[in-house]
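Keeping the supplied structure of chain A fixed, place chain B upon it in accordance with the hints.
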Amino acid sequence: MFIKGCSKRIGLAVALLLLMVGSVRAQLTQNLTISPKALSLGNAVTADPPGIMAIQYNPAGLTQLEGRQFEVNLLGAYLDVDADFIAPPGYNVFGIDGLGTDPMTGKQADPVANTHSHTNTANIYIPGIGIQKLPAPIGVLPTGGFSIQNPGSKLTFANAFYVPMFANFSRKNTDPARYEPQNVAIQRVTYLSPTVAYKINDHWSVGLGIHFSDQALAIDQWMRAPNMLLGVAQVLQNAFDCKSGNEPLQPWIALCGGNVGPWDDIGTMHLNLQQTISPSYDFGVMWTPTSWFSWGANYESSSAMNLTGTYELDYTKDWSGFWQSVNSSVFGAIGAAILSLPSGVPREAGNVSVKLDYPQHFQTGISVKVHPRLTVNFDVSWTDYSSWDYLHLKFDRNLEFLSAARILSPTLVTKNTLDFPLGFTDVWNYGIGFTFHASSRLDLRMGVERRDSVIPKDKRSVMAPFGGADLWGVGMGYRWDKDTQIDMSLSYLESNEYIPANTSCNVNCTSITNIIYNPYAGLDVKTRLRAVLAGLTFRTKF
Amino acid sequence: MNRWVVRGLILCSAAMLMQPAWAADEQGGDQSNVSKARQALAKKKGDSDSTKQLEQVFEASQKNYSLLKAGHQDLTYAFDYTYTADQRIDLKVLNGQIYNLDVTPSATHEFDNSFSYDYGLLDNLTIGTRIPLISKYDSQSQLSTNNIGDISFTTRWQPLPYVPGKMSTTLFGSLTTKTGVSPYEIDVQRELSTGSGYYSVSGGASFSKVLDPVVLFGSTSLTYNKKVTGLNQVRGAELLTSVDPGLGISGSGGFAYSLSYDISLSMSVQLSYSDKTTLEFSNGAKLESKAQMNGFFSLSLGTRVSDTTIINTSLGIGLTPDAPDFSLGVSLPINIEGLKK
Numbered sequence: 001m002f003i004k005g006c007s008k009r010i011g012l013a014v015a016l017l018l019l020m021v022g023s024v025r026a027q028l029t030q031n032l033t034i035s036p037k038a039l040s041l042g043n044a045v046t047a048d049p050p051g052i053m054a055i056q057y058n059p060a061g062l063t064q065l066e067g068r069q070f071e072v073n074l075l076g077a078y079l080d081v082d083a084d085f086i087a088p089p090g091y092n093v094f095g096i097d098g099l100g101t102d103p104m105t106g107k108q109a110d111p112v113a114n115t116h117s118h119t120n121t122a123n124i125y126i127p128g129i130g131i132q133k134l135p136a137p138i139g140v141l142p143t144g145g146f147s148i149q150n151p152g153s154k155l156t157f158a159n160a161f162y163v164p165m166f167a168n169f170s171r172k173n174t175d176p177a178r179y180e181p182q183n184v185a186i187q188r189v190t191y192l193s194p195t196v197a198y199k200i201n202d203h204w205s206v207g208l209g210i211h212f213s214d215q216a217l218a219i220d221q222w223m224r225a226p227n228m229l230l231g232v233a234q235v236l237q238n239a240f241d242c243k244s245g246n247e248p249l250q251p252w253i254a255l256c257g258g259n260v261g262p263w264d265d266i267g268t269m270h271l272n273l274q275q276t277i278s279p280s281y282d283f284g285v286m287w288t289p290t291s292w293f294s295w296g297a298n299y300e301s302s303s304a305m306n307l308t309g310t311y312e313l314d315y316t317k318d319w320s321g322f323w324q325s326v327n328s329s330v331f332g333a334i335g336a337a338i339l340s341l342p343s344g345v346p347r348e349a350g351n352v353s354v355k356l357d358y359p360q361h362f363q364t365g366i367s368v369k370v371h372p373r374l375t376v377n378f379d380v381s382w383t384d385y386s387s388w389d390y391l392h393l394k395f396d397r398n399l400e401f402l403s404a405a406r407i408l409s410p411t412l413v414t415k416n417t418l419d420f421p422l423g424f425t426d427v428w429n430y431g432i433g434f435t436f437h438a439s440s441r442l443d444l445r446m447g448v449e450r451r452d453s454v455i456p457k458d459k460r461s462v463m464a465p466f467g468g469a470d471l472w473g474v475g476m477g478y479r480w481d482k483d484t485q486i487d488m489s490l491s492y493l494e495s496n497e498y499i500p501a502n503t504s505c506n507v508n509c510t511s512i513t514n515i516i517y518n519p520y521a522g523l524d525v526k527t528r529l530r531a532v533l534a535g536l537t538f539r540t541k542f
Numbered sequence: 543m544n545r546w547v548v549r550g551l552i553l554c555s556a557a558m559l560m561q562p563a564w565a566a567d568e569q570g571g572d573q574s575n576v577s578k579a580r581q582a583l584a585k586k587k588g589d590s591d592s593t594k595q596l597e598q599v600f601e602a603s604q605k606n607y608s609l610l611k612a613g614h615q616d617l618t619y620a621f622d623y624t625y626t627a628d629q630r631i632d633l634k635v636l637n638g639q640i641y642n643l644d645v646t647p648s649a650t651h652e653f654d655n656s657f658s659y660d661y662g663l664l665d666n667l668t669i670g671t672r673i674p675l676i677s678k679y680d681s682q683s684q685l686s687t688n689n690i691g692d693i694s695f696t697t698r699w700q701p702l703p704y705v706p707g708k709m710s711t712t713l714f715g716s717l718t719t720k721t722g723v724s725p726y727e728i729d730v731q732r733e734l735s736t737g738s739g740y741y742s743v744s745g746g747a748s749f750s751k752v753l754d755p756v757v758l759f760g761s762t763s764l765t766y767n768k769k770v771t772g773l774n775q776v777r778g779a780e781l782l783t784s785v786d787p788g789l790g791i792s793g794s795g796g797f798a799y800s801l802s803y804d805i806s807l808s809m810s811v812q813l814s815y816s817d818k819t820t821l822e823f824s825n826g827a828k829l830e831s832k833a834q835m836n837g838f839f840s841l842s843l844g845t846r847v848s849d850t851t852i853i854n855t856s857l858g859i860g861l862t863p864d865a866p867d868f869s870l871g872v873s874l875p876i877n878i879e880g881l882k883k
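Which chain is which? The protein sequence lines are A and B, in order. Mapping to this note's numbering: the first sequence position 55 is 55, numbers consecutive. Mapping to this note's numbering: the second sequence position 163 is 705, numbers consecutive.
Bound-form chain B, shown alone:
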């Protein structure tokens, strides 16, 4: 097989793998929007666990550019830094009167250390989990937190074997738990969250095609976010009792190019659409955020440091106000097969 094809496949599979997390994360990030709902949700916005897609790209590139062989396992460490700054407005409009007017600047630095473990059940079926350890610091409010984020589980299935020259397809499904600190179960004045606060299930497909020396890749996914009820959170003058996050649709596309045997470069754009989110308060009031669109552009560089090890570094730039301003990341494989010796 042409070596370009091999390298291209590596990057393709990388792109495939990134989508589930992306879709779920963006759902988490859709909470702030214009209008009243935006204000009610503003505290949550910066809290959401956002844009891990680059990291997913990097993790994926360790995986021999296709799904793991049966019985093989893979552990990857990734570090991501994300910076998000915005202005949050907290107010309530009642009978034409404005209450609780408060404009809060926010600048959140998020350091995300994650461990991803994958296991090849069959040659074309891989299961995996991802455990994020999150440190967050808000330089405006002087708040910080260290907590586990939302642990997720993913299954990837490649129904047809790869045929050179043809498009390759992988189907995936993932479940994201709410092990992180929920933005709806904290004192928003004193705490930061590290999770989305609800369970998410997503499914989708990713595609890739080699056009030597470039590999094109794309992906699409649908995310269902489970409604959370039984909440009891002080939001301004109200008590938040339930949140229904609504559906999310995500798509991405990009290309990868091998500059040399040791260096490869990829560029991609992710777009995600989030349906309206409904918040219910103890006094019966309901707030709905409008549906919104999110965009994120990412560049990554894969550097081969040994025959089997590629270290990925990345830069991501938010294209819409609700996306993080930028992110930096690095990922590297941890050799656990060596423990079997």
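Looking at chain A on its own, in the form it has when it is part of the complex:
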């Protein structure tokens, strides 16, 4: 009888595995930095909640935590972000050979072409200070929480501190990928998450929590625009023989105030935005009709954010000098006035804001004990990333850079706003986890999550190298004593993307209107993201 029951359950598990065959891409950093147990089970834990971090995965599961417990998690991450910039045959801008020699510098015209970018430096965002690079390639993230269930009570209260979103890395200032970007920190820290779970009866539990989070968005990046317009500028500079130091058509036209060209740096941009309270709520339900089957579902609300902060644009001497000289000439001044061209200020800075929704998330799953020694978990999840259509930056004043760019990109740019097209899509993810009950104390775990990309092919970039990936995890759970549980996990995720020239206008489109966001115009770009995550959970009663 039991064998027959087991075979049915195994059949169910196989069917679920077959369902998962399909295209695979990664979904940003969702559920990568929260719970070691979940990471080792492919995040398929809605019906088998992972200790106090059930606050995030399914608050109804908190009813399983008896008495007064606290939990500490240590999550170590090693991150490796690579990119290659490959010049296809005939690589040029306005006839200037990208692989040729720049007469002004004597070096390769496009110093980025055919180079490799690599970083394994993570950073953290500290409120009030900004991005801080970590000294070692491995960062350790401590999180924790506690739960209280009075004896005989149906109510469980819990609170945790954890990091649901962490996409932070830094590059050297000579790295060829510094244009997208040199430093980035997209970081969400949930510092307060009061949650109540209620056990309705032996089969049903529900839970509800309110999460207070700090959201940071900080970017430092270099700017360049391998665009036809700057190709024209360089050709004219060569024709004027600016290298000689003369201005042949002064005072009518002056173009030799600074060396500009399609591959010359324009300057650097720094954005530092934050919202210190971003509230969301989380509701979960769990059904356990028998000892071998449970079902869970969890909904996390969206959170409308209004990030505020500062921006700074520092232009190179060549860039500002060029525009100053243009404006100093008769025709240049007239043309600049008509077209709102830059006047050549060396720096622009002020306050900026971004409206952005933290996307809502739904996850449901089952946990089936198919054999006395084997439990199979299966989850599906959905995240509303389609709400990330544009990153809409609003500046507090008119910027010179935008005034010039809006002529070519009027739909994305105004004098004081800038839309960065993200175009993310909604996806369903699948995860499966296996727990082998080796003994009454020891569980061995293995899982995989197949994560569809939320970034469509024509919106890929070097900034968010999250393409196709599986999240593989192994781990173990050890019952140290009757009050103490230890979980360990080791996970691996790899994402590879190939973006041929002119296929994504967030990185390498060559049309004259793609003057912003395309610092690698005309280059083939390969990106690779690898992450190794090691986790340790210690949970005990107090």
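Think of the hints as simulated: they come from the structure by calculation, not from any bench. Bear in mind the structure is a predicted one, so any value in this text is a computation, not a measurement. Incorrect hints may have been included.
[Claimed, not checked] These stretches of chain A come out as covered by chain B in the derived footprint (C-beta under 8 Å, 3 or more residues):
no.	segment
1	114 to 124
2	269 to 283
3	350 to 360
4	499 to 509
[Claimed, not checked] Listed below are the simulated BS3-like cross-link pairs for lysine-lysine, each with C-alpha atoms no more than 27 Å apart in a straight line:
no.	chain 1	residue 1	chain 2	residue 2
5	B	Lys720	A	Lys394
6	B	Lys832	B	Lys769
7	B	Lys720	A	Lys133
[To be verified] Here's a subset of chain B near chain A, in silico, CB distances under 8 Å, partners left out:
no.	residue
8	Thr671
9	Leu675
10	Lys818
11	Asp849
12	Thr851
Beta carbons are placed, not taken as given, at the ideal position from N, Cα and C, and that holds for glycine.
Same frame as chain A, now just chain B:
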């Protein structure tokens, strides 16, 4: 000890505790005034974190009516709703010409959730911190924000033990940080602030005397607000570069009365004087607001719900145009000693 005395002391200490925050907050609220400076500062006025004094009263009443014993700790949650409505005029007068004329009605709803933690270092020395979580909504401009406010740290010292029949004195000092969203570092057309934008240090003393069955209490404090420089904010046609908020002096007084063992009522008036505020702009122009006075009247009701728990509710009414129109609040203790079990 007479039970009236005990209850009275509770309320006295409550009144003592409220003063530091009050003084600091009112400094934050002094920015708008008549004349040009008022217009330049008008956007900021409604943004300032104002009148937490009632909440301080409520928090204090949890504290066993005196400073905490050594080693004891106390966590209090308080919720405050404040409504402020005014008309803001944004203009610039240059050579007799008026530029940028704009009259903006404003109606700001502020929801302030705060957690206060106190720890008794010695029997007569208590240190504490207060972390406000602020939600704000302006129904006229349709702007809203959720952000942490200015976190503050307070030390209270009772130099002499309480002697029945004598006046009791507590000295206090506090530091208010600028962790909130500064009104000088935002796009004033699109954002709301949740902090004052500058550091403040204040010190003072509070006094109480029991005249059974009434307790009289009063307090005075002085606040120094640190000048902020390096700003880069668009204000009309100008760029604001620095703000020097000036000194603040605050005083309050009131009485508390126990209606029954479970219910007590208190009334108080707070007055604060703010010295002139100086704003500097990138073109070298300076604007000075005139010194001003602020007044706020508050009524509060303490209800005992268990032997150790008192929930306070309050109503505050602004007495001057620059004070909030009214505020409603409730505060209750959170039992963290229970975690030690």
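So which hints don't hold here, by number, going up?
1, 4, 8, 10, 11, 12
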